[in-house]
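Colleague: Sequence:
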Amino acid sequence: MISNAKIRWGLTIVVVIALSTILAPVLTPFGPEQITDEVLASPGFDQLFGTDRRAMDVFTRTLYAPRVDLTIGVLATLIAFVIGVPLGTVAGMFEDRGRLGGFASQIIMRGMDVMQAFPVFVFALALVAVLGTGALNLVLGLAFVNTPVFVRQIRTGVLVLRDEAFVEAALIAGWSRLRIAFRHVLPNALGPAASLVSVMIGFSILLTAGLSFVGAGVRVPTAEWGVMIAEGSAQLPTGQWWPSLFPGLSLALTVFGFSLLGEGLREAPGATSGARFSRSRRWALRSFS
Numbered sequence: 001m002i003s004n005a006k007i008r009w010g011l012t013i014v015v016v017i018a019l020s021t022i023l024a025p026v027l028t029p030f031g032p033e034q035i036t037d038e039v040l041a042s043p044g045f046d047q048l049f050g051t052d053r054r055a056m057d058v059f060t061r062t063l064y065a066p067r068v069d070l071t072i073g074v075l076a077t078l079i080a081f082v083i084g085v086p087l088g089t090v091a092g093m094f095e096d097r098g099r100l101g102g103f104a105s106q107i108i109m110r111g112m113d114v115m116q117a118f119p120v121f122v123f124a125l126a127l128v129a130v131l132g133t134g135a136l137n138l139v140l141g142l143a144f145v146n147t148p149v150f151v152r153q154i155r156t157g158v159l160v161l162r163d164e165a166f167v168e169a170a171l172i173a174g175w176s177r178l179r180i181a182f183r184h185v186l187p188n189a190l191g192p193a194a195s196l197v198s199v200m201i202g203f204s205i206l207l208t209a210g211l212s213f214v215g216a217g218v219r220v221p222t223a224e225w226g227v228m229i230a231e232g233s234a235q236l237p238t239g240q241w242w243p244s245l246f247p248g249l250s251l252a253l254t255v256f257g258f259s260l261l262g263e264g265l266r267e268a269p270g271a272t273s274g275a276r277f278s279r280s281r282r283w284a285l286r287s288f289s
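Using our numbering, read the sequence shown as starting at 1 and increasing by one per residue.
No wet-lab data here; the hints were simulated from the structure. Note that CB positions come from ideal geometry on N, CA and C, so glycine has one too. Mixed in with the good hints, there may be bad ones.
Under the rule of at most 20 Å between Cα atoms (straight-line distance), these lysine to any residue pairs were calculated in the SDA-like manner [stated by the list, open to error]: (1) K6 x A252; (2) K6 x E267; (3) K6 x L253; (4) K6 x E168.
Cβ pair distances, simulated, as ranges [stated by the list, open to error]: (5) T12 x L178: 35 to 43 Å; (6) P237 x A18: 52 to 60 Å; (7) V114 x P29: 44 to 52 Å; (8) F103 x Q34: 53 to 61 Å; (9) F123 x G44: 40 to 48 Å; (10) R54 x A268: 43 to 51 Å; (11) V130 x W175: 15 to 23 Å; (12) W175 x F123: 23 to 31 Å; (13) V220 x A18: 37 to 45 Å; (14) T71 x L178: 33 to 41 Å.
Given the sequences, and given the hints that come with them, work out the whole structure.
Modeller: Dropping the structure here:
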């Protein structure tokens, strides 16, 4: 049983959102791009969230939108994690450790500095402008933007652990620094980075919606929260609030759920200390026996 309330609530929100988009064909009789009979119909029994200016059902599109946003957010974050973890491990393990290793560490970290020198949204906007619009290019662009976060997180953990006794024991036993880094140091540094994954998924979803809102991401008529908010905001001055309110609330709830889950995982017992620390320490002691 999960004892951490933040994990429970965050996981509940994420699961509900995921199930609702999976079961969308069962929960609504309309398709995500289907034209109904009435333009800008108010929320009611037949159409719970009303319709937008294209006569599309807002409830249906709100349910289908996570299929785009969640997919892009999860894929972009996982790619950034897979790229960032080895780069951060090398950068931390070899910083100030020999000419070649130190040079590699400097190259990696200066590259991360350049990438983070720009505001995140502006950098993502520039990347998407170069790569082009579309879901695949959004995934690649957001993965590139998110990579420095994981590089720095892993590097920090590795810097703390690389002078531990079990590392010294492995060096004495003749292991290379690279082998030690990935066999013993990295597993102990993964805890905080793993909890960061959930937060970064939420951030990527928010960034996806933001890019779509300004026309640089997913395009109409695809059901996506940023597109829906952008389309609906044009009707706010005339009193039609529902086309933008409901997708906006769904976006906020989803990002909140992932952030809450990530914070709960970070605060969970053992999250900040590697699960394999004691095992690595026992291995080091056996090396001297």
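Colleague: Does each hint hold? Answer for all of them.
Modeller: Going through the hints against the structure:
Proximity of K6 to A252 is assessed by CA-CA distance (about 16 Å); at most 20 Å being required, the pair is judged to hold. Taking the CA atoms of K6 and E267, the gap is about 9 Å. The hint holds against a cut of 20 Å. A C-alpha spacing of about 14 Å is found between K6 and L253, which places the hinted pair at or below 20 Å, so the restraint holds. For the hint linking K6 to E168, the alpha-carbon distance of about 38 Å lies beyond 20 Å, and the restraint is violated.
Restraint check, T12 to L178: a C-beta distance of roughly 42 Å satisfies the suggested window 35 to 43 Å. Taking the beta carbon of each, P237 and A18 are about 35 Å apart, not inside 52 to 60 Å as hinted. Restraint check, V114 to P29: a C-beta distance of roughly 51 Å satisfies the suggested window 44 to 52 Å. F103 and Q34 have their C-beta atoms about 58 Å apart, which keeps the hinted 53 to 61 Å range intact.
At roughly 43 Å, the beta carbons of F123 and G44 sit within the given window of 40 to 48 Å. In this structure the hint that R54 and A268 lie 43 to 51 Å apart at CB holds, the actual value being about 45 Å. Distance hint check: the CB atoms of V130 and W175 are about 42 Å apart, inconsistent with the given range 15 to 23 Å. With their beta carbons about 39 Å apart, W175 and F123 fall outside the hinted range of 23 to 31 Å.
Checked against the given bound of 37 to 45 Å, the beta carbons of V220 and A18, roughly 24 Å apart, lie outside it. Between T71 and L178 the beta carbons are some 34 Å apart, a value that agrees with the proposed interval 33 to 41 Å.
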